[in-house]
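Visitor: Sequence:
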Amino acid sequence: MHTAGNTVEASPALSMDEVEALYREVGWTTYADDVVTLEAALAGSSHVVAARRDGRLIGLARVISDGATICYLQDVLVHPDAQRAGVGRALVLAALEPYGSVRQKVLLTDDEPGQRAFYESLGYEETRDHGAGSLRAFVRFDG
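For what it's worth, numbering that gives the first Met the number 0 labels the leading residue of the sequence shown as 0, then goes sequentially.
Keep in mind the hints are simulated off the structure, nothing from the lab. Cβ coordinates follow ideal geometry from the N, Cα and C atoms, glycine included. Just to be clear, a hint being listed does not mean it is correct.
[To be verified] Simulated restraints, written as ranges between beta carbons of each label pair:
id	residue 1	residue 2	range
1	99	8	29 to 37 Å
2	41	6	16 to 24 Å
3	135	53	38 to 46 Å
4	99	120	28 to 36 Å
5	120	29	40 to 48 Å
6	136	54	35 to 43 Å
7	134	63	31 to 39 Å
8	8	126	13 to 21 Å
9	83	27	31 to 39 Å
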């Protein structure tokens, strides 16, 4: 997939140096500080897509899924220099493409207006806005 001079590819060849640098550029240092775990997370993902501009990694998204009933969109990152240019949208669409028949598409993200607007533009809605209180989301962080 091509978007405004950028290329989005599925199952990309990635070096951990470039992945770590991207995570640091977007401020996700918890991931970048533990490259061994980050590498295991990427390897254990169901689907990974990457965006490049002139060969340089500018974005990444990954999905965790059973392929039938649930699809969890995880780690949508776009380098600050490439934001607001359609890269994030292209990454999400490419990441979710194999999961068109999966009913539940879930994500957990930061509480900031830009995140909400971005994901709502892709058809996501907050659980508190879904129906008449019929849906709840829970999360647990260990460590």
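Visitor: Evaluate each hint against the coordinates.
Guide: Against the structure, the hints:
1. 99 / 8: 29 to 37 Å: With a Cβ separation near 19 Å, residue 99 and residue 8 fall outside 29 to 37 Å, so the hint is violated.
2. 41 / 6: 16 to 24 Å: 19 Å, holds
3. 135 / 53: 38 to 46 Å: Roughly 45 Å apart at Cβ, these two residues keep to the hinted range, so it holds.
4. 99 / 120: 28 to 36 Å: Given a distance of about 18 Å, which is not inside 28 to 36 Å, the answer is violated.
5. 120 / 29: 40 to 48 Å: Distance hint for residue 120, residue 29 is violated at roughly 27 Å.
6. 136 / 54: 35 to 43 Å: 39 Å, holds
7. 134 / 63: 31 to 39 Å: At 20 Å between Cβs, range violated.
8. 8 / 126: 13 to 21 Å: 32 Å, violated
9. 83 / 27: 31 to 39 Å: 19 Å, violated
Violation of the numbered hints given earlier is confined to hints 1, 4, 5, 7, 8, 9; the remaining hints are satisfied by the structure.
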